[in-house]
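Using the hints, position chains S and D against chain R.
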Amino acid sequence: MRLALAGSFVQQPHSVLNPASPQARLVDRLWDAMYVTSIVVFILVVAALLWAAFRHRDSLEQADDPAQRRPLRTVVILATGLTAIILFVFLIFDLSVGRAITTNPGNDALQIRVTGHQWWWEVQYRDSLPKDWVTTANEIHIPVGRPVVFELRSADVIHSFWPPSLSPKRDQIPGNPNSLWFRADSAGVYRGQCAEFCGYQHAKMAFLIVAEPPGEFATWLAGQRDTAATPTDASARRGKAVFLASSCVMCHAISGTPAGSRIGPDLTHLASRRTIAAGTLPNTRGNLAGWILDAQAIKPGVKMPPNRLSSADLHALLVYLETLK
Amino acid sequence: MRPMRVVADVSGLPRTVFGHRSLMWWGTLGFIVIEGSTLFICVASYFYLRRNFSTWPPEHVFRPALLIPTVQAVLMLASNIPMRWADRASSRMDIRGVRNGFLVCSVLAVIMTVLRWFEFKSLHVRWDSNAYGSVAWATLTAHGTLLVLEMAETIAFTVLLFKDTAEDRDLAGASDNALYWYFMTGVWIPLYVVVFLSPYFM
Amino acid sequence: MPIDVGRRPSVDHESVRLRLEETWHQPPGLWGWLTSVDHKSIGKRYIVTAMVFFLLGGLEAGVIRAQLARPENTLLGPDAYNQFFTMHGMTMMFLFAVPVVTALGLYLVPLMIGARNLAFPRLNAYGYWVYLAGGLFLYISFFLNTGPDTGWFSYVPLAGPEFSPGKRVDVYAQSITFTEIAALVAAVELIVTIFKNRAPGMTLNRMPLFVWAMLVQAFMVLFAMPWIATVTQLLAMDRLVATHFFNPAEGGDALLWQHLFWFFGHPEVYIILTPALGFVSMIVTTFTRRPVYGYPAMVLSLLSIGFLSFGLWVHHMFATGLPQLGQSFFTAASMMIAIPSGIQIFCWIATIWSGRPRFSVPFLFVLGFVVLFVIGGVTGVMVASVSFDQQVHDTYFVVAHFHYVLVGGAVFPLLGAFYYWFPKVTGRMLDERLGDWNFWLLFIGANLTFFPMHQLGLEGMPRRVYTYLQGTGWGDLNLLATIGAVLIVLGMVLFLVNVVMSLRRGALAGDDPWGADTLEWATTSPPPPYNFAYIPVVEGRAPLWEQSGELPAVAGLRTDVRDVLLTTMLDAEPDSVHRHPVPTIWPLLAAIATTILFVTLIFTPWGAVIGAPLLLLSLLGWGWPQGREHHEEVMVEQQG
Chain R
1 MRLALAGSFV
11 QQPHSVLNPA
21 SPQARLVDRL
31 WDAMYVTSIV
41 VFILVVAALL
51 WAAFRHRDSL
61 EQADDPAQRR
71 PLRTVVILAT
81 GLTAIILFVF
91 LIFDLSVGRA
101 ITTNPGNDAL
111 QIRVTGHQWW
121 WEVQYRDSLP
131 KDWVTTANEI
141 HIPVGRPVVF
151 ELRSADVIHS
161 FWPPSLSPKR
171 DQIPGNPNSL
181 WFRADSAGVY
191 RGQCAEFCGY
201 QHAKMAFLIV
211 AEPPGEFATW
221 LAGQRDTAAT
231 PTDASARRGK
241 AVFLASSCVM
251 CHAISGTPAG
261 SRIGPDLTHL
271 ASRRTIAAGT
281 LPNTRGNLAG
291 WILDAQAIKP
301 GVKMPPNRLS
311 SADLHALLVY
321 LETLK
Chain S
1 MRPMRVVADV
11 SGLPRTVFGH
21 RSLMWWGTLG
31 FIVIEGSTLF
41 ICVASYFYLR
51 RNFSTWPPEH
61 VFRPALLIPT
71 VQAVLMLASN
81 IPMRWADRAS
91 SRMDIRGVRN
101 GFLVCSVLAV
111 IMTVLRWFEF
121 KSLHVRWDSN
131 AYGSVAWATL
141 TAHGTLLVLE
151 MAETIAFTVL
161 LFKDTAEDRD
171 LAGASDNALY
181 WYFMTGVWIP
191 LYVVVFLSPY
201 FM
Chain D
1 MPIDVGRRPS
11 VDHESVRLRL
21 EETWHQPPGL
31 WGWLTSVDHK
41 SIGKRYIVTA
51 MVFFLLGGLE
61 AGVIRAQLAR
71 PENTLLGPDA
81 YNQFFTMHGM
91 TMMFLFAVPV
101 VTALGLYLVP
111 LMIGARNLAF
121 PRLNAYGYWV
131 YLAGGLFLYI
141 SFFLNTGPDT
151 GWFSYVPLAG
161 PEFSPGKRVD
171 VYAQSITFTE
181 IAALVAAVEL
191 IVTIFKNRAP
201 GMTLNRMPLF
211 VWAMLVQAFM
221 VLFAMPWIAT
231 VTQLLAMDRL
241 VATHFFNPAE
251 GGDALLWQHL
261 FWFFGHPEVY
271 IILTPALGFV
281 SMIVTTFTRR
291 PVYGYPAMVL
301 SLLSIGFLSF
311 GLWVHHMFAT
321 GLPQLGQSFF
331 TAASMMIAIP
341 SGIQIFCWIA
351 TIWSGRPRFS
361 VPFLFVLGFV
371 VLFVIGGVTG
381 VMVASVSFDQ
391 QVHDTYFVVA
401 HFHYVLVGGA
411 VFPLLGAFYY
421 WFPKVTGRML
431 DERLGDWNFW
441 LLFIGANLTF
451 FPMHQLGLEG
461 MPRRVYTYLQ
471 GTGWGDLNLL
481 ATIGAVLIVL
491 GMVLFLVNVV
501 MSLRRGALAG
511 DDPWGADTLE
521 WATTSPPPPY
531 NFAYIPVVEG
541 RAPLWEQSGE
551 LPAVAGLRTD
561 VRDVLLTTML
571 DAEPDSVHRH
581 PVPTIWPLLA
591 AIATTILFVT
601 LIFTPWGAVI
611 GAPLLLLSLL
621 GWGWPQGREH
631 HEEVMVEQQG
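Chains as they are written, first to last, in our numbering: chain R, 1 to 325; chain S, 1 to 202; chain D, 1 to 640.
Next comes chain R alone, as it looks inside the complex (with noise of 0.2 Å):
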């Protein structure tokens, strides 16, 4: 059951309508309900109305006849009683959904960490061994078939975590720490967006969530333990020093070099992500050089500032970046 108006494109998956795990199929089911019985409410309460209205549209003849009152009463009442039956109805449908949603993800669930920040996403995939923790910002790899917990917690300001083919939202809140789980059913790219008004750049701060075989999530996360590529191309090491010398370093890092702040993205992986700023643009070279050379004109109000390199740097930069998969 559909609005009239669906149809329209969506690039990825990123919709209620769209469900891709049981607990979003839960709430379309729910919304199909509801839909439906409010279609025909609506139907009867505007048809009835109508012909009250139409009955006797302005006739001047007086005729209260106060046995009609008796069958209005009747009418009213029930109306009020089916009112109140459907209701009800809904109350135990939404009650028996939120249960299905909330019940124990169970042992074999993945844990990972998402940190909400103005304006971007910071993701971890924490292990027993720190050395193996992954971080890595506003793409999250799940593999398909396996339950995900996501911890949900904000450095800054309250955020909200919602893919909405893949789950209902809930709130990043400073001070709150919150979680939710979900379980994808079929490989894909989701859309999720921030949900919660966060300041100048909530309407940028997208990620993607890539549902993939359990095999293929393992390599992924494999090859994102593993530290930054050593440069060998003379270009590329001349953009690691230009990294390194410049403002970069002192907001993201990039593991195996000193950089090591955590203010802004991990770039570690940043060529293996499809997006940069926060789900904002393909991760190609022009846009990787027009983000580095004026963010602002792309998020205004984004913190990171804008760069003056050399064409040259600028040049030795992006083909350092490129050899961060």
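Treat each hint with caution, since some may be false.
To be verified - Okay, the calculated bits of chain D under chain S, using three or more residues with CB under 8 Å as the criterion:
#1 521-531
#2 542-553
To be verified - Here are some, though not all, of the chain D residues that point toward chain S, as calculated from beta-carbon distances under 7 Å:
#3 33
#4 119
#5 222
#6 227
#7 243
#8 250
#9 251
#10 253
#11 256
#12 291
#13 565
#14 578
Hint data in this document are derived by calculation from the structure and do not stem from the laboratory. All C-beta atoms, glycine included, are put in the ideal place defined by N, C-alpha and C.
Frame of chain R, contents of chains S and D only:
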């Protein structure tokens, strides 16, 4: 205008009425509800914030001193005696009794306002130290505002009553002022328990 | 009370009217305007001010719609956009919706209950001036680029000192305090007026449904507004003197703000809606020529809406991760409120069914209201579900939902009320043909604007975004919504044209152009300063329909001073005579002192040291008795 026929004469109705028959009594009650809500919100926040601390008061904060707050609480309660006395005198239209009661209460109100200042010091915490300090200060300040307002009103009434032009209506007004006094002093007792005593057992 | 039936019949007491006119008239000129304590004079300026803010808030919405008409538009940057949507929300909630329904109550209630004025006319004047000051303060700040930019809900920590430096959020907090004070004093006045100033014989169960609605609304204001007034002060303190109410690092709590805010914020919606339900009942009665079906059910459902509205606040916080069980309670309560709302609609339909409807413009607006309100109602039931709400919370689905409720549920009845009572207030009718156009443009425009937003929300479009990317697929529906907004603007322009033209050349209304049943139609249009020459006596729920000729009335109030009649609370029996205040400048001075206090407090805590004594002085000046006459000549209304 629709023509009207007179069916009754109200010229004989009283012009000075007390309690729920008077407008001011209802108005005062309305403001009591508003200000009572404000104080209730302070207390609700107090208990809500309590959950964020493992100890209460928080670590490195001394418990509040009790001497001055307890004196204040007793004084607040006791002040209802002269106020009630004035209130009763007003319904008897006994202007002398009202004058005396208000004179005593004006003095008490000034003393209570001064004591409030020392109550802040008794908290042993600053408003900007932590959320505990913030909410304790806010509660005292919110009630302190009512105290100062009531002090001003009581003194104003006292002056008015001692003037020659005092009328019956002023006696009714004095009675409505008494209603507010009961509220202001009465509500302090639970607030005293929350702000000063609860750190000893929570 | 001595009922003297023998003294009749009536005469036209021209001399009584002249003396009443002399006693009650507002002094001429600017001074008279500044010192007026007449509920009609203040009510009118209240309504006009609120409508001006409505237009400003509408213009802001228009700019927002223009920005969102296509993806990655650059009409507004995020800084401006955030101010615009915050100003739109604050203006509509705090400066338009609550004030305008309150103002209509302040104007109409005394007339409907046969009173000469409100119970506390000076408080009424003070409330208006404080409201005006708050609105001006907010808009002056906006024009100085210091408009609030963290939303009408201003969640901490975003609105806290760390993430919102500068004065924008302080402007938010203080301008709300202004409007809440205005709303609170109006609530006290309305409650006391309704309890004590009703015409003899108007027992509680004979009160017009609009008066009931205003009574319920006033009680809701009384219990809800202190929360927002207090919580914004806590925020202001966090920002000004470094308290830690909302700072998690020092034991404060971000969710405390949300609880306190929504404990006000949810009743707020019903505070706006309840008077609208009252408008609808009055219009339905008049235009079907039938008393509303099921009066007791209507009153009880109004009361239960009032009660239930305080049990719903957590449904704004379903995404914050509160325990499941607690949330279910709020789901149940949120769904339950659909029952009394449903009863209202069913009873109106029953009334229309048994009546003979006249399709004048007010009635059209009522029909439009029912259609839109049902849509807003069913989506309201949907978002009461925790899991569904967690999907659509903070998306355009919710934007669609509450605009159906507020535009459909409140603005449509309000405009219906405008067409209905305009003749009473101005003495002239609004034009029906322009009114039809006005209605249809708004009805189509509102649906075109807000219906597509349901789909946008389901497709994942969050609220409060200044733009959206190409390729999200949200462009077409947004464009449609913007086209709808253009129709709404056209509709409102027609409304303005209608008002301006009708003020000059509208058909003269006479006392009772619609053949209505309530007391306000018994007096002239516009009513004289004293409202009624004699206080009418009420013998039923529809006094003007029950008494075809002369109305029974009481005499014996003095005409040379401002005497009003007080009656008992339940049975409205004559109880005492009260002396009403004369025009005075003190309420304005007190409002100015209040303004000085609040505005200086934004910059320094020492503002309290400057402002508080001024306010105290002005209150003393206000309360100090003036012009005591000991030997007055007593002139009493004659009896025939």
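A quick look at each hint next to the structure:
no. : hint    : in the structure
1   : 521-531 : holds (count 4)
2   : 542-553 : holds (count 6)
3   : 33      : violated (25 Å)
4   : 119     : holds (5 Å)
5   : 222     : holds (5 Å)
6   : 227     : holds (6 Å)
7   : 243     : holds (4 Å)
8   : 250     : holds (4 Å)
9   : 251     : holds (4 Å)
10  : 253     : holds (6 Å)
11  : 256     : holds (5 Å)
12  : 291     : violated (19 Å)
13  : 565     : holds (6 Å)
14  : 578     : holds (6 Å)
In summary, the numbered hints that this structure violates are 3, 12.
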